[in-house]
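Q: Listed in order, the protein sequences are those of chains A and B. Going by my numbering, 214 is the number at position 214 of the first sequence; the sequence numbering is gapless. Offset between the second sequence (1-based) and my numbering: plus 669.
You may find that some hints are simply not true.
Claimed, not checked - Capping the alpha-carbon separation at 30 Å, the derived lysine-lysine pairs in DSS-like fashion look like this:
| id | chain 1 | residue 1 | chain 2 | residue 2 |
| --- | --- | --- | --- | --- |
| 1 | A | Lys514 | B | Lys727 |
| 2 | A | Lys591 | A | Lys545 |
| 3 | B | Lys737 | A | Lys519 |
| 4 | B | Lys727 | A | Lys444 |
| 5 | A | Lys519 | A | Lys558 |
Derived by calculation from the structure, the hints in this document are not laboratory data.
Read off the chains here:
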Amino acid sequence: MNAKKFKISEIVDDLHDGVTIQDKDGELIYVNKAAVVACGVGSQKDLLQKELLSLYKTTLSKFSVMDEDGNEFDVDQLPGRRALRGEQDPSAVIKYHNNNDGKTRWAQIRSKPIIDEEGQIVFAVNMITDITHSKHIEEVLNFKLEASKVLSKSLDYHKSLKRIATMAVPEFADWCLIDLHKEGKLTNLAIEHENVDKLEKAKMIRKKYPPDLRSGSGIAKVIRTGNPIYVKNIDDAMISEAAKDDKQIDFIKEFQINSVIIAPFGVQGKIVGAMTLITTGERELNDSDYELARLTAARISLAMERASLFHEVTNERKRLDKLLSDVPAVVWELWARPDQEKHRVNYVSKYLEDMLGYDVSEWLSSPNFWLEIIHPDDKKDIARQMANLYRSKGAGTLRYRWITKGNKPIWVESQIQVVRNTKGKPVGLRAVSTDISRRIEIEKRKDDFINMASHELKTPLTSIKLYLSAFESSLSGASRAKSGPFLAKVDRQISRLQRLVTELLNVSNIQAGKLELNKEKFLLDDLIKENIEEMRMLSNKDQIKLKGMSGRHVHADKDRVGQVLKNLFSNAIKFSQEDGEILVTVRPNGKNVVVGVQDKGIGIGKTHLNKVFDRFYRVYEDKEKTYPGMGMGLYISKEIIERHGGQIWLESEKGKGSRFYFSLPMIDK
Amino acid sequence: MKKVLVIDDDPAILEAISIVLEGEGYSVKTVEDAQDAVSEVKNYRPDVIFLDLLLSGKEGTEIANEIKSDSRSKGIPVVLISAHPHAHDSARSCGADAFLAKPFDLDELLDAVRTHTS
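Bound-form chain B, shown alone (with noise of 0.2 Å):
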């Protein structure tokens, strides 16, 4: 089963996101705290990382830049989340593998999870 980490501040999107990967049988875990989340990458090793670029207390490209710069997680790919009109540029320069802007549907975040795990 592949496995999915998710790291948001917004609880309902955790959820949301934790629901449909699941129903599609997919591994979910969730952060919402961002401190907690280069830790969690290392515990978990999850397939792929979707990130959310405003995070409260840290930076996503901030961690993403930590995620990519240790040799134990750099193979993880990492998906940008963001509603920000300039994430692209974000996504870009700190390392990230892809970028989804929100609002995203199902099948756009079903892609993105298949086409980093395959």
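One chain only, chain A, in its complex shape (with noise of 0.2 Å):
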């Protein structure tokens, strides 16, 4: 083809782009086709019958021009006036409603001075190119993106509803309602459009024709089916069938509704509203229109089940919190290790107001806030407890005094768990703490009742012994001779009761934190050997039997130590055949001295095996003879060998006799 063939003003006419042309004066003395479509005439019709440019002004003057924003534009800004002016390339994008057919379009208006031989500017030409489509894109994502953001940010889904009805009018619609249905009800939450008569009045009828749940059409069928809605043109008979009465069907035509789009949203598989986006005249709804309303509908559902959860986990979160409150002790957690700076308050319940009188707020926000009100002398002590808890990654309970907001000491127990992480290291602990004030005073009292009795009973057992001393000394050659057995056998009796006398005492002693000891310096083995020669004498036998040497010095009080070693003789002896041989050994160990006590007895069972220690404990069997005690010997036992830093423990097998071993730190190298 050739291209001469043609005028130049011919190829511009037909180009995609619009073209028009403007003198020196701004007035338009040219444009083309595509100038004219882009003003939305549309029709070729309309460009064949009338000339081009005064079509082209006729439409104009139906226009109003706006900037990006749809804020008025200010005429002397456009392009073509800039380039009148002697700009080079001005350019700006309009947007611009046709008031004629109510569309609104966007235009980018790229301009160019034309300048003559003499350097004059003549002429201004302009290219306009519609962007209406790519604008409209961009709104979609736009408005996709802020809706999302709005859905996001609020859990107040009734505020981000209302939101987003305002954002899409009249972007994508001319109205856009937004309707919640709960059990049977539907109620309106959001009304939307330009024009606030039409709202008032829109509202109006709304009110008078509330939609009908029953009804098989419009809003009631979306919400009873749950499938969105999709109308592109309404027609008479639709408006019909959805309206009660005739006055309803003249309301409704006066908004000349063309397209409608209903979308449900739900939460939990029910339909727990709707949005409907309409729009009126020659204004139609397409298929990405009925696309986006579906997306932000499903988005809506998104936003409503987390805010249903994030309120039921709330809720539930309430609910631990009060029942947690409701407990009586301080129920806490520590992250990462308790004695050091950079461990975290997580929770403390609210009991600890009633307990210890502090505020939640100043516990959580001292980071040790539970070691810091504990009492002075108890402080140290359990701080290294805690951390030796935290170390062994068990549980443990604590027992110590809390100082009160109101500088009150109050005894409390702490049940401690130690939380380790997948890895089983030790990441942080929970407590329970609970005010054992009155336990502890009953305690005292009963503790203080026990010294007394011991104290009591002492007394007379004094002048026993002394009158019996008195009575033997008394007796002449030949009755010494005849009741020598029995006085015997009475001081013994004397001795054994006075034993017990002072293991009550003891216990009480342990129980109030004041068994003292004495100690000194002396050769383990020693003690061993005088404690098994005054066993052999009272029991007059020779079953127990001295294995190994220590020949190591300790730093212990002898007396205690002694009793330690008398309790698990005469236990042995206790649990033994007449004639079971009872075997001691002593031998170094590291930095200890073991002393092990092993007999042939009848053993302990599997679950008494750690009970044994405890205060008052004892083995009970049925069908099993019973043996004389009071359960406090190895209680006793096990507290000297503590407070003197060593450790006492047992091996046995049921009927397969007794180890017991107990260890002290020794002094020599």
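Two chains, two frames, a set of hints: combine them into the complex.
A: Structure, rendered in structure tokens:
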């Protein structure tokens, strides 16, 4: 094809982009077809019948020109005018509303000044590109983004839904309604339109003709079926079907409804509402608007689901909080090591305020509050015990005094559970602290009683012993020989009574933390030999055998350690056969001396193994011979050994005897 | 003959100690009322005093203090006797010379008397 056959003006006439030319006074002197189409005239017939320029001018008069954001546009700032003023390549994006067809369009205008030989500006050429389609895509994206933002930001979905309705109008529809459905009732949450008068009227009609959920059309159908509705062009038949009476038909017709989209949203499979988009007059809702509406409704569903979950979680948390605060104990939680700065308090129950008078916030804001308020006398010890417990990764019970806000010390017992991560590393702890002041008080009264009772028992014991001595010395030779064995028996029973009374007193002293130690340096082997001798004399038997020697000194309370030995020996005798061998071993082990007492007696069953060291614990088995004792000996022994920094333990099997061991730190290198 | 003064509010103890010590050849005087204790020390001029820690009316430690702060009696050895678990400490702090824990037997008692009268 020969290009020269065509005039330039004809080529420009058929260009895809709109082209206009202005003279130096700003008067339009040329427009091409595309420019006229861009105005929204659009029909080929119009273009043929009328002269392009005058057609353009008449359409132009019905325009309102705005900037991108919809604000009024200063005509002087149009690129053509700027080009005439000498600007080289001015451009602008405008939004214009055709008052005739009610459509809004966007265009990008780029202009260029045309200069004659003398350098004077004579024309301005404007290139007009219709960017309505891309602008629409941009707005859709923007709306999606904004809608998501609004929905994700607030858990108050009423507010979010109202905001979405506002955003939809007039960009996507002339009307936007949001209705909520609950227990068979429909409530309008939002109704939006640009025109206030129309809005008021619509609200009035809506009030007068509330949608009937039993009807088979419109929103009722959407709510019931959960399927969206999209009608591109509403016809009279549809209006008649939806309306209740002629008057309502008139009302609806007055609004000139054209397209309708109703998209439902729901929570946990239940439809809880719908979003309605309506366009009027010539304006149509297209497939992409339908997609957008469905997508938005899905987003609303998600947001509502999230909000409802959040409320559920919040309520559950409140319930648990209430439950924990009603427990008459302080429940608390710490993360990271409790004695280190970087740990973080996670939780403390409200009972703190009742029990100690401190505010929950006070506790939470101070990293070591639980330790800070411990009685100065207990603090160091408890900090150490807690650190040990943390390392042991297990659970334990601590007893100490907390100082209340009113400066009053109260005894508490804290059950501690170390929390471990998936790798088994300790990461924190949970504790339940109970006020045991009353229990301590009762225990103290009981201990005072035991203290006094044993004191009272000792006094007559003293007289009895002295009278017995006097009686013995008053006897003549013959009767002394006759009565001697009986007197020895009486003496032994008195000693036994005396030992029991002493043990009772020991127990009460241990409880009161008043067990005294008078430490001295001595050879442990000697003490063991002495005690074995004593036992042999008492039992008149040779069943105790000593094996090994430590040759080591210990720094300990001789009487107390002797008490432990006597206790272990007499237990071994008590639970052995008449001539069952009892083997005593002594050997150094690392920094300690370990003493073992083994018997071949009845042994101890597994269930009792760890409990035999408890206060007043006694092994009772059905059908078994019972043995005398008050369950104090091993408890006292354990306390004595532990107070010396040693340990006491046992290995035993029922019917196969027991092996008791204790260790004491030695002072020899 | 060595003189022993026993101060205790339990008559059974007083009688028992008297019987056994007199049997061993000591002269024994007993005081049951704590209020009379100090004056009896001055009148009797014993060689050794056995003093119970818990007396009704007056504390044993208080009596020991008075005995030890009087120049005429401070040379007399005082042996505190008690069934109380902390009597050790009390004995030390009130200036008593020795402590004998109840219940004691004849040998322990005689040991204490001999030690403090020789």
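Q: Now tell me, hint by hint, if it's right for this structure.
A: Hint by hint, here is what the structure shows:
With a CA separation close to 25 Å, the supplied pair lysine 514 of chain A and lysine 727 of chain B stays within the 30 Å bound. Taking the CA atoms of lysine 591 of chain A and lysine 545 of chain A, the gap is about 25 Å. The hint holds against a cut of 30 Å. Among the hinted pairs, lysine 737 of chain B with lysine 519 of chain A is consistent with the structure: their alpha-carbon atoms are about 29 Å apart, no more than 30 Å. Between lysine 727 of chain B and lysine 444 of chain A the alpha-carbon distance is near 25 Å, which keeps this suggested pair within the 30 Å criterion.
For the hint linking lysine 519 of chain A to lysine 558 of chain A, the alpha-carbon distance of about 7 Å falls within 30 Å, and the restraint holds.
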